[in-house]
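K.L.:
Respectively, the protein sequence lines represent chains A and B.
Just add 8 to the spot in the first sequence (first one is 1) and you have the numbering used here.
Just add 9 to the spot in the second sequence (first one is 1) and you have the numbering used here.
Hints listed in this document are in silico derivations from the structure and should not be mistaken for laboratory results.
Just so you know, not all the hints are guaranteed correct.
[Stated by the list, open to error] Below, in silico cross-link-like pairs of lysine to any residue (SDA-like), each with a Cα-Cα straight-line distance of 25 angstroms or less: (1) A:Lys194 / A:Pro18; (2) B:Lys141 / A:Gln157; (3) A:Lys230 / B:Leu84; (4) B:Lys141 / A:Lys194; (5) A:Lys133 / B:Ala175; (6) B:Lys141 / A:Gly134; (7) B:Lys83 / A:Lys194; (8) B:Lys141 / A:Pro18; (9) B:Lys83 / A:Lys230; (10) A:Lys133 / B:Lys128; (11) A:Lys230 / B:Lys141; (12) B:Lys78 / B:Gly148; (13) B:Lys113 / A:Leu155; (14) B:Lys247 / B:Tyr20; (15) B:Lys128 / B:Ile165; (16) B:Lys141 / A:Asn229; (17) B:Lys83 / B:Gly148; (18) A:Lys133 / B:Lys247.
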Amino acid sequence: MHEFDWSSIPNALPFLWDGMKISLEITVTAVIFGIVWGTLLALMRLSPVKPLSWFAAGYVNLFRAIPLVMVLLWFFLIVPHLLESIFGFPRGSDMRLSSAIAGFALFEAAYYSEIIRAGIQSVPKGQMGAASALGMTYGQAMRLVVLPQAFRNMVPLLLTQGIILFQDTSLVYVSALADFFGAAYKVGDRDGRLVELLLFAGAVYFVICFTASRIVRHYQNKLKVA
Amino acid sequence: MISMNKVSKHYGSFQVLADCTTQVHKGEVIVVCGPSGSGKSTLIKCVNGLEPFQSGEIIVNGVSVGDPKTNLSKLRSTVGMVFQNFELFPHMSIIDNLGIAQVKVLGRTQDQAREKGFKLLDRVGLRAQAEKYPGQLSGGQQQRVAIARALAMDPICMLFDEPTSALDPEMVNEVLDVMTELAQEGMTMMCVTHEMGFAKRVASRVIFMDQGRIVEDDSKDAFFDHARSERAQQFLAKILHH
């Protein structure tokens, strides 16, 4: 029977907190870039200009058909070398964090763009007609009338996707980056207390994600009433 | 002011509009009626280019709608349009609904736009609702706001696409009253509507459509007293009985 020994956790807290900061940094940056790029992809997908629409459809289908962990590995293994050779970065500079963020952002954008496309399509078509009839250009009508309504409807889904993304950040362990999960693993490995540390990490992920989805649910209910 | 010449439109093999030709002069009020699916709404949506058409020509105030070189947004900013489902912007207050296009399209200042907005809300009797949101207003109030929103752009003519069809019966008149007033002030109007009382009161001419064709295009007296086509007679007999 395994004897639990939690004593290595208190001393490791600062290190774990550093890991959590990396996890949060990846999550927040990837959510922001994912939403921006995802919005552009959604607009391209809905565009009457066929090549744009094909590009966006191809992009989304490609990324949705590849496991995230593979995308991360490719970015970890290939992209830094590319950047080194293109921009002349010093060899061996640490680009694990930036390549992880880039990988997440590009991957999540595919999912975000589908959410955003559905959001745009949920706005009645007459709204675009009314905005156009007032003399707004397509861009103005999108920006001032359609997208604000679309995003309002989508907030819960976007946040939920953000929570999933936060959980998925644990996959960066493949690039030996010390995010929260990676940090917990390292400490556990060092002290021979892997089980305790992973249970602890799981509990932390659970508390954060559960709280966050409760907040989203609360917001969603408020939105329904309004 | 508006001139249509042999306008045709089809979806695949389905003919929506066939050789529609008519003129609307300044100050005229044209009522467009006909059975559902006859192409009335499509016809007036072609006037400001919301619906594309394949052949023929529409000239609005000297500008050709179908010409790819035409700046459609600019043209539309001079033609007011009111929709069956109001289409107010639900995420903006009433006064912002009236102001947004004045600021973003006409380049007026926020203050000018608000002042104009308040003046028009006064006119449709809704000044007190200025800071509310569309969802808080009744259908009739929303449609009056929509008319005010279109008027805020100082349009040279107004298009109405079944403005009272989505309203509860007791709200129809408040909207028709605003439209009647507009007509009496000399606004050029094209109205798709089944409100024959309104047509009898203010129309200069009545256009009757069936299966994408303009079947009758006559003064209202001629239309109501002795419609020439059998189809129009049947239509009138059906809707005037009640």
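K.L.:
Would you mind marking each hint as holding or not holding in the structure?
P.N.:
Against the structure, the hints:
Simply put, Lys194 of chain A and Pro18 of chain A have alpha-carbon atoms about 15 angstroms apart, close enough for the 25 angstroms limit, and the pair holds. Between the alpha carbons of Lys141 of chain B and Gln157 of chain A the distance comes to roughly 17 angstroms, so the proposed pair stays at or under 25 angstroms and holds. Between Lys230 of chain A and Leu84 of chain B, the direct Cα distance comes to roughly 41 angstroms. Violation of the 25 angstroms bound is thereby established for this hinted pair. In summary, the hint linking Lys141 of chain B to Lys194 of chain A is not supported, as the alpha carbons are separated by about 57 angstroms, beyond the 25 angstroms threshold.
A threshold of 25 angstroms between alpha carbons decides the hint, and for Lys133 of chain A with Ala175 of chain B the separation of about 17 angstroms falls inside it, so the pair holds. Distance restraint check for Lys141 of chain B and Gly134 of chain A: the Cα-Cα separation of roughly 21 angstroms lies within the 25 angstroms cut-off, and the hinted pair is therefore satisfied. Annotation: proposed proximity of Lys83 of chain B to Lys194 of chain A is violated, straight-line Cα distance about 64 angstroms (limit 25 angstroms). Proposed proximity of Lys141 of chain B and Pro18 of chain A is contradicted: the alpha carbons are some 55 angstroms apart, above 25 angstroms.
Using a Cα cut-off of 25 angstroms, the hinted pair Lys83 of chain B and Lys230 of chain A is violated, with the two alpha carbons roughly 40 angstroms apart. With a CA separation close to 30 angstroms, the supplied pair Lys133 of chain A and Lys128 of chain B exceeds the 25 angstroms bound. Distance restraint check for Lys230 of chain A and Lys141 of chain B: the Cα-Cα separation of roughly 19 angstroms lies within the 25 angstroms cut-off, and the hinted pair is therefore satisfied. Annotation: proposed proximity of Lys78 of chain B to Gly148 of chain B is violated, straight-line Cα distance about 38 angstroms (limit 25 angstroms).
Of the supplied pair hints, the one linking Lys113 of chain B and Leu155 of chain A holds, its CA atoms being roughly 16 angstroms apart against a limit of 25 angstroms. Distance hint between Lys247 of chain B and Tyr20 of chain B is unfulfilled; the C-alpha atoms sit about 29 angstroms from each other, more than 25 angstroms. The straight-line distance between the Cα atoms of Lys128 of chain B and Ile165 of chain B is roughly 18 angstroms, inside the 25 angstroms bound, and the hint therefore holds. About 22 angstroms separates the Cα atoms of Lys141 of chain B and Asn229 of chain A, which keeps this hinted pair within 25 angstroms; it holds.
Between Lys83 of chain B and Gly148 of chain B the alpha-carbon distance is near 29 angstroms, which puts this suggested pair outside the 25 angstroms criterion. Annotation: proposed proximity of Lys133 of chain A to Lys247 of chain B is violated, straight-line Cα distance about 32 angstroms (limit 25 angstroms).
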